[in-house]
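Could you build the full structure based on these sequences and the hints that come with them?
Reading the sequence shown from the start, the letters are residues 1 to 345 in my numbering.
No lab work stands behind these hints: they were computed from the structure.
Hints are supplied without guarantee of correctness; some may be wrong.
Simulated pairs of lysine to aspartate or glutamate, DMTMM-like, Cα-Cα distance not exceeding 20 Å [as the list claims (entries may be wrong)]: (1) Lys187 <-> Asp177; (2) Lys187 <-> Asp115; (3) Lys187 <-> Glu200; (4) Lys187 <-> Asp176.
FRET-style restraints, in silico, Cβ to Cβ [stated by the list, open to error]: (5) Ala244 <-> Ser222: 43 to 49 Å; (6) Gly258 <-> Asp227: 21 to 27 Å; (7) Arg165 <-> Val78: 29 to 35 Å; (8) Asp227 <-> Gly147: 38 to 44 Å; (9) Ser81 <-> Ala244: 27 to 33 Å; (10) Leu98 <-> Gly147: 30 to 36 Å.
Quantities reported herein were computed from a predicted structural model and do not represent experimental measurements.
Every residue gets a Cβ at the ideal spot worked out from N, C-alpha and C, and that includes glycine.
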Amino acid sequence: MRFPRCVSIVLHLALLGAASAAAQSTRPSVLVIGTGGTIGSAGEYWTGSPTRVSIEQLVRVPGIDSVAAVASEQLWNVASSAIGPARWLELSRHVAQLLRERPALAGIVVTHGTDTMEETAYFLDLTLPGDRPVIVTGAMRPSDMAGADGPANLTSAVRAAVDPRARGRGAMVLMDDRLFAARDVTKTNSTRVETFQAPERAPIAIVDADGLFYRQPSPGRSRPTFDVGDVRELPRVDIVYSYAGADSVPIDAAVAAGARGIVMASVGRGGLTSGQTEALRRARARGVVVVVSTRTGSGRVPVVRDDGMVGAGDLNPQKARVLLSLALTRATAPRDVAQYFQAQQ
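Set out below in structure tokens:
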């Protein structure tokens with residue numbers, strides 16, 4: 001039977017549409033949650049008065065739809081300096097709920113400002129259940145700047161989120177074609193696109209044109225270290241910097257403000273001044289747990305100490321603060337807190 005030409009065209013278009021719909025249905029699903037930061041900024045960025053760009057607009061990256069069926073959600077649109085413990089709890093609970101309610105999601109991508117990205121990512125790593133990947137990404141250049149790195153980082157993050165080999169690795173950070181464990185990564189330069197590094201540990205994987213190439217096997221994690229479902233507020237933990245001639249004032253002030261924990265960014269491998277040591281002795285007598293990290297940028301402070309304090313291992317001060325905040329929801333004795341730090345080495 002011969003069909004009129006117009007009918008043939010309609011049938012052909014219908015078949016193409018059905019094929020396209022079938023192809024879309026086979027793509028893995030990824031949700032991108034926008035929280036703000038440089039990746040979501042444009043306009044007068046360098047003067048401190050940026051234009052906020054919506055996550056809906058940011059995910060319109062050419063070619064990203066060939067990687068996954070991408071949906072987006074704007075949770076916040078703020079600078080990373082506005083994201084701290086209260087928002088960590090909110091984000092962790094929100095992501096956990098999405099993972100429970102949407103089993104078809106291959107993974108979740110969170111866009112975030114780079115200044116505190118490593119802290120948010122580590123908090124998610126310690127608190128999220130399941131084995132599906134949560135990839136945190138951002139940009140060092142605003143979206144309308146020549147050479148903006150946001151589109152590439154976002155596309156690579158989606159690629160990581162749908163990769164079955166990313167499962168069981170917890171929360172990760174994807175920046176500049178490198179996938180890092182949230183526990184290991186830190187920002188090392190104020191402006192360069194290659195700022196994120198993992199001192200002495202290296203990336204989990206390298207993102208290349210033909211795939212992700214992993215350097216470490218998956219640990220196969222499925223349970224969070226900390227369940228924050230019933231935690232309404234994290235204990236106050238302050239970071240105090242050590243330097244030549246440092247006295248007791250910042251430590252005493254932190255204790256007076258209600259700190260339940262103090263992280264010392266020490267010199268060298270745990271060095272502190274005499275004034276700081278005496279102030280920490282008073283703090284510990286009041287039940288404050290003290291963790292000693294190093295300000296050097298890499299290297300270890302032994303977890304087990306003989307002075308009543310806890311060493312951070314190779315966690316930097318900001319990561320040690322995240323872990324201590326969570327540990328204090330479970331324990332108050334330094335020896336018990338030390339077990340959590342030992343488990344993270």
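Taking the hints in turn, this is what the structure says about them:
1. Proposed proximity of Lys187 and Asp177 is supported: the alpha carbons are some 15 Å apart, at most 20 Å.
2. This hinted pair checks out: Lys187 and Asp115 have alpha carbons roughly 7 Å apart, not beyond 20 Å.
3. Annotation: proposed proximity of Lys187 to Glu200 holds, straight-line Cα distance about 14 Å (limit 20 Å).
4. For a cut-off of 20 Å, the pair hint linking Lys187 to Asp176 stands: about 12 Å separates their Cα positions.
5. One distance hint, 43 to 49 Å for the beta-carbon pair Ala244 and Ser222, holds here, with the actual separation near 47 Å.
6. In this structure the supplied range 21 to 27 Å holds for Gly258 paired with Asp227, their Cβ-Cβ distance being about 24 Å.
7. Hint check: Arg165 to Val78, Cβ distance near 33 Å, so the stated range 29 to 35 Å holds.
8. Asp227 and Gly147 have their C-beta atoms about 42 Å apart, which keeps the hinted 38 to 44 Å range intact.
9. A hinted range of 27 to 33 Å for the beta carbons of Ser81 and Ala244 is consistent with their spacing of about 28 Å.
10. Evaluation of the 30 to 36 Å hint for Leu98 and Gly147 yields a pass: the beta carbon distance comes to about 33 Å.
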